[in-house]
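Heads up: the sequence lines are chains A and B, in that order. At position 196 of the first sequence the residue is numbered 196 (the numbering used here), and the sequence of numbers has no breaks. Counting from 1 along the second sequence, just add 317 to a position and that's the residue number in the numbering used here.
Some hints could be false.
DEER-style ranges, computed between Cβ atoms [unchecked claim]:
1) A/G307 x B/A411: 21 to 31 Å
2) B/E458 x A/T264: 48 to 58 Å
3) A/A160 x B/Q321: 56 to 66 Å
4) A/A160 x B/Q412: 30 to 40 Å
5) B/Q321 x A/R61: 35 to 45 Å
6) A/E185 x B/A411: 22 to 32 Å
7) B/L408 x A/A187: 34 to 44 Å
8) A/R196 x B/I586: 25 to 35 Å
9) B/L505 x A/S225: 45 to 55 Å
10) A/A265 x B/M318: 45 to 55 Å
These aren't lab readings, by the way, just hints derived from the structure by calculation. Keep in mind the model is a prediction, meaning the values are calculated, not measured. Think of the CB as a built atom: it goes at the ideal place given N, C-alpha and C, for glycine as much as any other residue.
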Amino acid sequence: MSAFAGQLSYFIFFATVTLIFAMATLGLNLQWGSTGLFNAGVVGFYAIGGYAFAILSAPPRPELLANFGLPWIVGLLGAMAASALAAAIIGLLTIRLRGDYLAITTFGVAVSIQLVTLNWEALTGGSLGMTAIPRPIAGFFDSSLDANIFYFVLMLGATAAIYLALESIVRSPWGRVLKAIREDETAAIALGKDARLFRLQAFILGSTIIGAAGALYASFIGFLSPFDFTPILTFQIWTMLIVGGSGNNRGALIGAVVVWGLWTASGALISKYVPAAYQTQGGAVQSILIGLVLVCTLLFRPRGLIGEEPVVSRHAT
Amino acid sequence: MIGQAIADGFLTGAIIALGAIGVSLSLQILRFANFSHAELLTWGAYLALTFVAFAGAGVSIGPLSFGWPLLAAVAAAGMGTAVVALAVDLLVFAQLRARGAHPLTLVFAGFGAALILRNLVLLIWGPEAHYYTSELQIAIEVMPDVRMLPDQIFVLALAFAVVLALHLFLRYNRLGMAMRAMAESPALARVCGVEIGKVIRWTWIISGALAAAAGVFSGLTVQLRPEMGFNLLLSLFTAAILGGGGSLVGAVIGGLAVGLAENLSVLVIPAGYKAAVPFLLLLLVLFFRPQGLFGSMERA
Numbered sequence: 001m002s003a004f005a006g007q008l009s010y011f012i013f014f015a016t017v018t019l020i021f022a023m024a025t026l027g028l029n030l031q032w033g034s035t036g037l038f039n040a041g042v043v044g045f046y047a048i049g050g051y052a053f054a055i056l057s058a059p060p061r062p063e064l065l066a067n068f069g070l071p072w073i074v075g076l077l078g079a080m081a082a083s084a085l086a087a088a089i090i091g092l093l094t095i096r097l098r099g100d101y102l103a104i105t106t107f108g109v110a111v112s113i114q115l116v117t118l119n120w121e122a123l124t125g126g127s128l129g130m131t132a133i134p135r136p137i138a139g140f141f142d143s144s145l146d147a148n149i150f151y152f153v154l155m156l157g158a159t160a161a162i163y164l165a166l167e168s169i170v171r172s173p174w175g176r177v178l179k180a181i182r183e184d185e186t187a188a189i190a191l192g193k194d195a196r197l198f199r200l201q202a203f204i205l206g207s208t209i210i211g212a213a214g215a216l217y218a219s220f221i222g223f224l225s226p227f228d229f230t231p232i233l234t235f236q237i238w239t240m241l242i243v244g245g246s247g248n249n250r251g252a253l254i255g256a257v258v259v260w261g262l263w264t265a266s267g268a269l270i271s272k273y274v275p276a277a278y279q280t281q282g283g284a285v286q287s288i289l290i291g292l293v294l295v296c297t298l299l300f301r302p303r304g305l306i307g308e309e310p311v312v313s314r315h316a317t
Numbered sequence: 318m319i320g321q322a323i324a325d326g327f328l329t330g331a332i333i334a335l336g337a338i339g340v341s342l343s344l345q346i347l348r349f350a351n352f353s354h355a356e357l358l359t360w361g362a363y364l365a366l367t368f369v370a371f372a373g374a375g376v377s378i379g380p381l382s383f384g385w386p387l388l389a390a391v392a393a394a395g396m397g398t399a400v401v402a403l404a405v406d407l408l409v410f411a412q413l414r415a416r417g418a419h420p421l422t423l424v425f426a427g428f429g430a431a432l433i434l435r436n437l438v439l440l441i442w443g444p445e446a447h448y449y450t451s452e453l454q455i456a457i458e459v460m461p462d463v464r465m466l467p468d469q470i471f472v473l474a475l476a477f478a479v480v481l482a483l484h485l486f487l488r489y490n491r492l493g494m495a496m497r498a499m500a501e502s503p504a505l506a507r508v509c510g511v512e513i514g515k516v517i518r519w520t521w522i523i524s525g526a527l528a529a530a531a532g533v534f535s536g537l538t539v540q541l542r543p544e545m546g547f548n549l550l551l552s553l554f555t556a557a558i559l560g561g562g563g564s565l566v567g568a569v570i571g572g573l574a575v576g577l578a579e580n581l582s583v584l585v586i587p588a589g590y591k592a593a594v595p596f597l598l599l600l601l602v603l604f605f606r607p608q609g610l611f612g613s614m615e616r617a
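Could you build all of it, start to finish, from the sequences and the hints given here?
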């Protein structure tokens, strides 16, 4: 492969992963940015999407309970249904809790889901993980670069579709109710809105999008293990949203590019210049950078890079 | 079997209780859920390790695996961790408070602080497990079929003494009373002339010192790893919420309940799921009694 093709291939890979995270960040933005729901278990829903997709669409393996080898699109829809169902159950139990209690509970959900992926070996392959997770129209492309470009275009379309859908949703009456609940729940209830129901709907829809991102990740990488779903992923996606500016879908996209770019660039620098014996410490430096970016954004630019656009009702003045 | 699980549960519970008191104080006095508190346990454990490395393990006291230097290390680590907690507050949380930031912004800041603190430990001390001493110990049969290491008995007794001292401090000391007043109502405390800044400083000092004790005890009974505190995070929050968010006795009983539940659960579910037990307990509490076992309705 020529140097140019190598760089192009690397860029396509980076851009595809960025889009996957951007999609998850969009889902989180619906929950936090629009509704004020503190989901600290993003990685849990991401994992449910990924594993559900793998279970439905990977070819059967004798040592696993289930692996159905179903068509790709069935796997994706199934993964979204699984994350929606999980969000509905968790939401019904916890949606009435105040902010930080909801955060702790969803954090616990993510920890528990990771324990299941690690310990229920017959379903999830345990620490060995799941392999041979398919991509759509696998086998159609001759080179892996072509296949990656196709997946990149697919992700671009999917993320754009979700972005446009969310943009119209937050501007719809339903989206305005979410914002009203976020700003002043008591007032929204006084206006006859069932705040709990709206919060639950936003929680389920956001988690479904996060689950879809997890499924698309599993399909892109082709391999899953419990170690892909550690709590740091939740913090990374939160940092993307806060750096970009919560409450703004473009902010979610920009945040994903900036934070994943920083993570990847620092990782590349470390693996190039830090001796092999100190690579774990190099990983620590990467995490410290993410923490610093998060804290500095909160301290010096609390609205994020672009922040939420102020909306004034056309009935005002 | 059950007796042993209960004894182990008390031990884990005592360690969790010491950490949960700090979470509880921050929920009540500082009014936010501090996700970085668990990292203070890790810092305490590693600071004590460094102290022991310089001072030497010393001659073991009686049947214990360590000598006086380790006890001095607990005190040194307590002070060091209090400094770490104060530094984080000065650099991060105090800035946000001064700006009147939303309480959930402090929670995000806690996420960031936790990432930084945990990975600094990894960066400074490396990823491998550490131990305070390499002494081997023989478990004593304290009751029929219940065996404990001398170190574990020592940890239990010392944890109890620390909690008792803190209880007396909060009950009878002027500063302790100011802390309780602020936990009840920050606005009222301010009107009554409580020095808010001083109370906040002492909240961090006490939280940090107790976290360090919990970290050292955890390191003494298991091992030291950079993620040791983080793995206890859910247990700490469960204990604090179970105890009602604010009350000291509540946090201690909450901690014991979590420790017992974790260790008894192993009798009925596979050990791999043990870490999910605090979460299930948390769900039950939040669903049936969100104000905690000892809390008032006011915070629900």
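Given the hint of 30 to 40 Å, check if A/A160 and B/Q412 actually sit that far apart at their C-beta atoms. With a Cβ separation near 38 Å, A/A160 and B/Q412 satisfy 30 to 40 Å, so the hint holds.
Could you tell me whether the CB distance from B/L505 to A/S225 stays inside 45 to 55 Å? holds (53 Å)
Would you say the C-beta atoms of A/A265 and B/M318 sit inside 45 to 55 Å of each other? holds (54 Å)
May I ask you to test the hint 35 to 45 Å on the CB atoms belonging to B/Q321 and A/R61? holds (39 Å)
A/G307 versus B/A411 beta-carbon gap, inside 21 to 31 Å or not: holds (24 Å)
Kindly confirm whether 25 to 35 Å is satisfied by the beta carbon distance between A/R196 and B/I586. holds (32 Å)
Is the distance from the Cβ of A/E185 to the Cβ of B/A411 consistent with 22 to 32 Å? holds (29 Å)
Take a look at whether the Cβ-Cβ distance between A/A160 and B/Q321 falls inside 56 to 66 Å. holds (59 Å)
Do the beta carbons of B/E458 and A/T264 sit within 48 to 58 Å of each other? Distance hint for B/E458, A/T264 holds at roughly 56 Å.
Quick check on a hinted range of 34 to 44 Å for B/L408 and A/A187, using CB atoms only. Given about 37 Å between the Cβ atoms, the range holds.
In this structure, every one of the numbered hints holds.
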